[in-house]
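Residue numbers (this note's numbering), protein chains in the order written: chain W, 1 to 338; chain R, 1001 to 1426.
In case anyone wonders, no lab produced these hints; they're calculated from the structure. Only true hints are included.
The list that follows gives simulated cross-link-like pairs (lysine to aspartate or glutamate, EDC-like), each with its CA atoms no further than 20 angstroms apart:
id	chain 1	residue 1	chain 2	residue 2
1	R	Lys-1232	W	Glu-296
2	W	Lys-63	W	Asp-77
3	W	Lys-243	W	Glu-114
4	W	Lys-63	W	Glu-73
5	W	Lys-21	R	Glu-1192
6	W	Lys-21	R	Glu-1266
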Amino acid sequence: MTSAVATRPEDQATQKPRRLKTNLGFSDRVFRGVARSGGALVLVIMALVGAFLAYRALLALRKAGPSFLTTQEWNPDSGAFGIAAVIVGTILIALVAIVVATVLAVGVALYISEFAPRWLRGFLIASVDLMAAVPSVVFGLWGAFFLQWEVLGLSRWISDWFGWIPIFRVHGATRHDPLATETVYTSSTFIAGLVVALMVAPIACSVMREAFSQAPPGEREGAYALGATRWGMIGSVVLPFGKGAIIGGTMLGLGRALGETIAVVMIISPVFVIQPRILENGTSSVSSLIATHYGESSPFALSALFAAGLALFVMTLIVNFIAASIVARSRSGAVSEV
Amino acid sequence: MTLLETETEREARTTTVTPPRTTVPDRRRPHAHQSPRPLGGVRNTDVFALIGGLAASLATTGLLWIQLGPFTGVLGYIVVSWVLFVVTYALLVSFDEDRPAMVDRVSTVVVHSIAVVLLGTLLFILLYTLYRGFGALTHLNFFTQDMRNAGPLDPLTVGGIRHAIIGTLIELGLALAISVPLGLLGGVFLHEIPGRFSRFVRTVVEAMTALPDLLAGLFIFATVILIFGLDKSGLAAALALSVTMLPIIIRATDVVLRLVPGSLTEASYALGSGQWRTIWHVTLPTARSGLATAVILGAARGVGETSPVLITAGATAQVNTDPVHGPMMSLPLLAYTLVQNPMPDMKARGFGTALTLMVLVVLLFAITRLIGGRAPGDLTAGQRRRRAAASRRDLKRFAGRSRLTAGAYPASPASFPSSTSHGETQ
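With the sequences and hints as input, model every part of the structure.
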């Protein structure tokens, strides 16, 4: 700006960029102060959430020590409690959810941005956004009363044919026995994961679609001009451009999947051992533990719950900061919106 | 063609047939053979391959299901015939096309199928809730009574969700009263005061968007209920909800404000108004419909949250309009509680409650679409009329003033920067 000012030759040696100083009026100074404090309030709330969880958890954490991370039981009043089982359960549910949700989200995002006819596009975007706001209790009802019973056949088929892979093994299942009971397949990590997948897929999808639709038209047309088919164009332009958004959207979905409560509570039957067999009845998660035990009266049991909450808080924060930084650094970044 | 044609020329034209060197456009039939060449479109072979693949896969699977194999089940039929379809279709296409074209066709099929699966499943979830919950909704008492007198064995003609509807509205209203001013302020801050601090705040807001809603409830439980000794009540639930809604509103506001055309704010600065006046008189009014969208998006998310309410509001079967004392029921929590009951009528009530909640969310979204479908500065007819009236009033005022100051101002129509013109040029 200032370099455009013509100067006499003798001044050029000493030329420094001119300082531009704005003299803010009183009302503007007040406004900037208020706005800054509004921004700071968000930081304060977030810090308070962490601080209070930590403060409340202190009582239990001090007593349990490092065994809090390795114990599988949950009996705070008898002193034996830890989050090993629930953390593993949480991560497994989230992993099942995110594997399914990523496939669905990428597919739908590609469909909306590349394949769908123009007149349908606005409607599809609106309905995916609506799906992201469908209350989790609705998904939970559907999962517990409908999907659970429909998916048993699939669970059984997988465990019959792929039971030699440890995570697909089911204890108590009899292979190829048509009369075997199906209850060993209910309330499993797999079913909870499927329902959570349907909940997080719209969220991941809208981040990805946003990025896909902003792939530069010049490069798209270049790919077509070089003779690419539509899929060739997608593979060489759209997907590389949206790579950051795919990873970031997936991580955002993962963060949401880790914290999902009600839908998971309605489906799983809680067990407090590390249960890596995802098709088998019984699993648990941190949030469902808190939601089912929050009514406990003893302060120590409550403190233990707050400790579990703190673990969940730290976990989701880490996942989300990684997600945010990946999205922001990618080429399509800085435009993501949920 | 000139009139002075020589004899030889005329003779040459009539006797010898020379091929025309150039084509003169035929003006009587404009664009007779000049239709735009279709670049995309469907060819016959595409249709044949599609129909052939479908027929082959359906028939083969049918043979497997009915004649050959011990298979049953609709879901399995669909899955197997889909797999067979993809294979057959790829084979059929590979007869006519090269490899990249075949990959293109197969991937098109796969992407379409994924879209149908997800969108179909989501639609099915809504229809299933409708199907299971509709029975409860047909009784009018479902909306006019609470659950005080309804035991587990009572039929659907007794008891309803009035207390939960009232509770949801009170909690949502309080939560909006807290989170809307703070959220708009935060969004304005992120947009208007860029810098390192606001970048950091934006990152934290993004992390807070994904804060598990349960933890928001746990936070309010730890502070407001355990430390300040407030009851489990509507106010506590509203506080928890506003913690979850605040980041959503901030982010949506930030995005919406970015869409306000820079020329408008710069015009305002150029006329000498400060930052605050520009925001209050130009930026916010221009983005009004988008801001409403932001608020409703937050409300739609907040109204469906179950877990913060579960921890902070408590459960009751009666109407409670006092947000400070006593537990207060809300729709998602009631749905969650009712379906835990083994009696079928209670389950039907639970689904009915979920359906009511769903309808509420869809309504909020419909309102969002209605008012948020407009670009910033794009006005409705009524708004445009009001702007024109305001403009005429200003003109009259200016004219009056110019008469007072004896022609210091010319009495020409004042043209000042209005967003109307911007909206029309778009």
